[in-house]
Amino acid sequence: MNVVPYAVAVWLLAVGVYGVVTSRHLVHLVLCLAVAQASTYVLLLAIGYRTPGRAPIFFDIPPGTPVVDPVVQALTLTDVVVEATVTAVLLALAVQAHRRFGTADPDRLGELRG
Amino acid sequence: MSPAVRRGVALTALAGLAAALLVACLGLPDFGHPRGPYATAVIPLALDARHVTSVVAAVTFDIRGIDTLGEELILFSAAVGATVLLRSQRGEDDTRAAVERQRALAERTPAPVRRVGAALAGPVLVLGVYVVAHGQLTPGGGFQGGVVLASAFLLVYAAGHVVRLQRVRPVALVEAGEALGAGAYALVAVGGLVFAGAALENFLPYGTTGQLLSGGTIPVLNVAVGVEVCGAVALILSELLDQALLRHGAP
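As you go down the protein sequences, you meet chains V and U in turn.
Residue 438 is where the first sequence starts when you use this note's numbering, and the numbers rise one by one after that.
Residue 1129 is where the second sequence starts when you use this note's numbering, and the numbers rise one by one after that.
Check the hints yourself; a few may be wrong.
Just so you have them, the derived chain V footprint on chain U, three or more residues with Cβ under 8 Å [claimed, not checked]:
1. 1164 to 1177
2. 1303 to 1311
Which residues of chain U face chain V? A partial, calculated answer using Cβ under 8 Å [claimed, not checked]:
3. Tyr1258
4. Ile1364
5. Gln1371
6. Leu1373
Okay, the calculated bits of chain V under chain U, using three or more residues with CB under 8 Å as the criterion [claimed, not checked]:
7. 439 to 445
8. 453 to 467
9. 479 to 486
10. 493 to 506
11. 513 to 520
12. 527 to 541
It should be emphasised that the hints constitute simulated quantities derived from the structure, not laboratory data.
Note that the Cβ used here is the ideal one computed from N, Cα and C, for glycine as well.
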């Protein structure tokens, strides 16, 4: 059994979360979160992949051709959109935090508030 | 907690998590052989019942149509939220100052950047409309096409001097587009309730599979989402750019 695609998803999640935990800059933190979230795309698409499968678009291939799972592709689309919105709101929050505290280092935000 | 200790704790915890997830992955379907019954069941549904050739579009806008309504409202509220956050500490004067700085910077935009931006804006706009309009036939659709459309606006922004910025990026129009798109999707959902008895149920003629106007409500929803995504992305990016101009754009 080929576990490499799943291992890629686990690896992306691990490095993304590691980046979030050790981040020294809020923008870097948001981008690390995006990396961690990318693991879900890889996982979903890996679950739905079929060998040998075409894209689930029947515009130019006859019905009955083996295709990859379209349901997980639609889920991935939702996932990408939600990730983009989360990134936008978090970046706006990072701008606000930088304005209020004069720093973008997550560690120093707490010091200043205390 | 010192950075070194934190790194140690994080590495230990993540190693454990990764090991547990890898073990869990052994129970997943073998790569290349999806087990989900819907993987094959939705295909005749999309082709024969909904007359669309892009099965992903049928899943997104029909089978999971209500989810997509929620997703679209998430995008809508996130764009509004980000805009409110970015504008909250900024007065009218600041906004005017940002516009002035844009003008001043636009004057100094290097000529090659302006030419490339101006040359690409038109084709990218057409590409965006094409991707939105063919969402039910070929890969693409409202979400993807909307982002392409928003990038056409940004190219104009980058081109700067060629077209006057205030006229091209009227924030009110972008905001209205975002709201209109979200509202149109909700209206189609209500239309299904009124004309067909269930929210988002198709109430338009299906047309001929493979034609531009086919798939009933799916192309309508694609256009609504395209307008909404274009407005939301353009709004968020222009707010972030204004922020950058206010902080660092002093001519």
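Hint numbers not upheld by this structure, sorted from lowest to highest: Numbers 2, 3, 6 - these are the hints that the structure violates, sorted from lowest upward.
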